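Chemist: If you read the sequences in order, they're chains C and S.
Those letters in the first sequence? Residues 1 to 452, per full-length UniProt numbering, in order.
Those letters in the second sequence? Residues 1 to 452, per full-length UniProt numbering, in order.
Hint data in this document are derived by calculation from the structure and do not stem from the laboratory.
Only a predicted model underlies this, so the values are computations on that prediction, with no experimental measurement involved.
Among the hints, a few may not be true.
Given that identical chains are not distinguished, each listed pair holds provided it fits within a single copy or across any two copies.
Claimed, not checked - Straight-line C-alpha distance at most 20 Å; calculated SDA-like pairs for lysine to any residue: (1) K371 / R194; (2) K259 / G49; (3) K414 / R288; (4) K371 / N395; (5) K371 / A60; (6) K178 / D54; (7) K178 / D219; (8) K293 / G261; (9) K414 / A121.
Spelled out from the first residue to the last, the chains are:
Protein chains: 2
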Amino acid sequence: MRIVIVGGVAAGMSAASRAMRHNPHAEVVVFERGEYISYGACGLPYVLGGEVKDFEALIARTPQQMRGRGISVRLRHEVTGVDAGARTVTVVDHASGRSVAEPYDQLLLATGVSAIRPDWARTELSGVHVLRDIPDGQAIEASLQGASRAIIVGGGYIGLELAEALSCRGLSVAVVEKAPEVAGRMLDPEYQHRVRGELEDNGVTVHCSTTVEGLTGRDGRVTGVQTDGGFLHADMVIVAVGVRPNVDLARAAGVRIGKTGAVAVNIRQETSVAGIFSAGDNTESIHRVTRRKVHIPLGLTANRMGRVAGVNMAGGDATFPGVVGSSIFKTFGLGVARTGLTQQEAGTLGLDAVSVDVRSTDHAGYYSTAKPIYVRLTAERGTGRLLGTQLVCHNHESVKRVDVVAALLHGRGKVQDLFETDLSYAPPFSGVWDVLLVAADRLSREIHKNSE
Amino acid sequence: MRIVIVGGVAAGMSAASRAMRHNPHAEVVVFERGEYISYGACGLPYVLGGEVKDFEALIARTPQQMRGRGISVRLRHEVTGVDAGARTVTVVDHASGRSVAEPYDQLLLATGVSAIRPDWARTELSGVHVLRDIPDGQAIEASLQGASRAIIVGGGYIGLELAEALSCRGLSVAVVEKAPEVAGRMLDPEYQHRVRGELEDNGVTVHCSTTVEGLTGRDGRVTGVQTDGGFLHADMVIVAVGVRPNVDLARAAGVRIGKTGAVAVNIRQETSVAGIFSAGDNTESIHRVTRRKVHIPLGLTANRMGRVAGVNMAGGDATFPGVVGSSIFKTFGLGVARTGLTQQEAGTLGLDAVSVDVRSTDHAGYYSTAKPIYVRLTAERGTGRLLGTQLVCHNHESVKRVDVVAALLHGRGKVQDLFETDLSYAPPFSGVWDVLLVAADRLSREIHKNSE
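Let the hints inform the model, and build the full structure from the sequences given.
Modeler: Now the structure itself:
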């Protein structure tokens, strides 16, 4: 059996490892158009910021190590076509420029996402970057030499991680965001402003409700950004306005693309075309709270999907359970986390949601290192079914308790289930009533009130 | 309606507040034999160690504040008898020495626990202490003046929190423990030694398998401890060998005491005698994993029981859902947490349990502040039902993820449920596969193997 995998990062390499483990007699071939496989892309901002020593540290496994496991990895090999009838792919070897047809029995599309580059960002000027992969990171690193003013376009989590990183490197940083607030896709408005506050407290200038219209340059290097709110000087611009799934190959193969714009699959990661699987950032998943298809490209999800695809391609039977929308990030000292739905998202979906906001401390209030923690907890009115939570705290690790709610969301837990959970308590870890319990207690009194 | 509460700390004051909220017309009277109410006893070691500025900081509410809510608090009033037929209690006012009968409609016994003092610790010598309440803490604080060598007898969590606190105050500290290892009631043997290592790495001498036989003194002050392993010099001895529930009053009232030695109650916190409730450290609860009665005196449990009793005494209907055995502590830099059952506990109960041990990092392995984290995850063979987990990490707060497993234990979750949970991930918070997911993955492969 010959298993061909297109893309050698999170989903692709997880699939390769699992397939080989499940069926040691399979032939597993990975085509990666880039020069690196199996690296932690989520760590890229931290290499730039200095929390990780170098880009190599992000690489979990080398092609040599994969070969040791019987997996063939071909770098700088780009798959440009699929013939699903003949079960072959067309592969271009960028070293030689030659193109060959390679047969497969099972094919995995793990083609990931690309950073969106608006028209104004398609430029020859140096100093203009996106951050998706190690070469992008290396280009930013090189660009940092002699730079003193950076503009980050986009206030999502990658933009905000980069704001911290470049500030740590001594640059003066501004964030330009089209929406009225940063972190707008992750949090309700009441929590977005706390994130903006953290940026401003750390010397980052934040321009919200501001649209970029173009770039200026001199001697081939970017010198600034023209926005609808005025001109901003910069010798470095990072474009972090979002990603789009790489679905051209899937589309060319006749694979169905979902309404989200990502590849549609069933819970076995099978696409609409026999013998073709899809996994990772290019692929839809099921949101367990809403039962709808979503496209939330994140590292753990990609790895999980890859494992499931790998097992199934090798003849096994695995299923992907879906996501509940957990995400977490840190910018400067602030930890931010959410899972499930925000109040706003629940409203958009037509759910009758009710939320409470609680301010407490992450450790016992009297304990020296305690800091305020802000939590919004959201449930369905009447039924008390948990819908989601949002947390913000200056002890950044304290927002990881979001995972408790994530666990309950998987089982369609109720507010009462959260309240009854026997959470651990000692003063250096939480208050006797952890903020999640306080929120559940208050929310339990709201869920039976009628909406106004 | 007259509600009388015996004991004004965690369970008692929670009950008082809830009763008054539920029925604002009730008369609520709290008799507290000591001088303080509503304080966080769990914070006592941290006042001594300097993490909390003074003992007053532990006091959540004063008698004046409670009176403002319509709750009458009588300090230094000890309830010495109950006439359940006449529905009266006998109360001694320690200020005047007078004793009066007080009527009640509903009575709550929230009498807590006492520190066990073995025969050798019943001494007139100064410098010998237990730590249960604020006066104990103040006595230790006074005793610290001029002290240089402390011996802590008992290697449970209070002893280990004190070992850290007294070391922080500059004392030379030794721990004497009867069992072969410290933290023996909380962890499996494979994890106990990590706790001992942390103590030794911080200059604490640990004497395990060592029994205290007596104390020596001079001029009325303790000078050392005689053990079966030799003599140890000390100018301060803290006895932290455990607690026993204060059930004399319950027993005198004809209330049934459970096999655990604590007061037996139903899920409404009602005792065997009509009109008498019991809540807090003196009271049994149900372990949700084993469905057995247990006595695990902890702060959150006491508060929860008190709330339930308060609502019910005031005419409402609340139930206590039971515990899953979550506990957590810190000693020096090490965080230690557990929930559910250890492998050893499961074996003692006759369960066919299987465990895996995982060593990972608490943050992404390449992230600067990542530290090793050790996890044991335990499930029932065959069914895959989760039974418990134990975690140890030098970033102490990282072991708070124990709460994810606690949430699943409440719903009788399986290993697969834990593995499928969409945990949050970013490099400063965890690895892409959080250690709990790694453990669940490995354990899922073990649960269907036959036992040897």
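Chemist: Taking 20 Å as the upper bound on the Cα-Cα distance, should K259 and G49 be classified as within, between, both, or neither?
Modeler: Neither, since 37 Å and 59 Å both go past 20 Å.
Chemist: With identical chains treated as interchangeable, where does the CA-CA distance between K293 and G261 reach 20 Å or less: within a copy, between copies, both, or neither?
Modeler: For K293 and G261, the Cα distance is within 20 Å only inside one copy (11 Å; across copies 54 Å).
Chemist: With identical chains treated as interchangeable, where does the CA-CA distance between K414 and A121 reach 20 Å or less: within a copy, between copies, both, or neither?
Modeler: Result: close neither inside a copy nor across copies, 46 Å intra and 49 Å inter.
Chemist: At most 20 Å between CA atoms: does that hold for K178 and D219 within a copy, between copies, both, or neither?
Modeler: neither (29 Å within a copy, 77 Å between copies)
Chemist: Can you give me the call for K371 and R194, within, between, both or neither, at a CA distance of at most 20 Å?
Modeler: within (14 Å within a copy, 29 Å between copies)
Chemist: Between copies, within a copy, both or neither: which fits K178 and D54 at Cα up to 20 Å?
Modeler: neither (32 Å within a copy, 49 Å between copies)
Chemist: When no copy is specified for K371 and N395, does a C-alpha distance of 20 Å or less occur within a copy, between copies, both, or neither?
Modeler: both (7 Å within a copy, 17 Å between copies)
Chemist: Tell me, please, which holds for K371 and A60 at an alpha-carbon limit of 20 Å: within, between, both or neither?
Modeler: Result: close only across copies, 17 Å inter versus 35 Å intra.
Chemist: One pair to classify: K414 and R288, alpha carbons no more than 20 Å apart. Within, between, both, or neither?
Modeler: Both, since 14 Å and 18 Å are each at most 20 Å.
Hint check: violations occur at hints 2, 6, 7 and 9; the rest are consistent with the structure.
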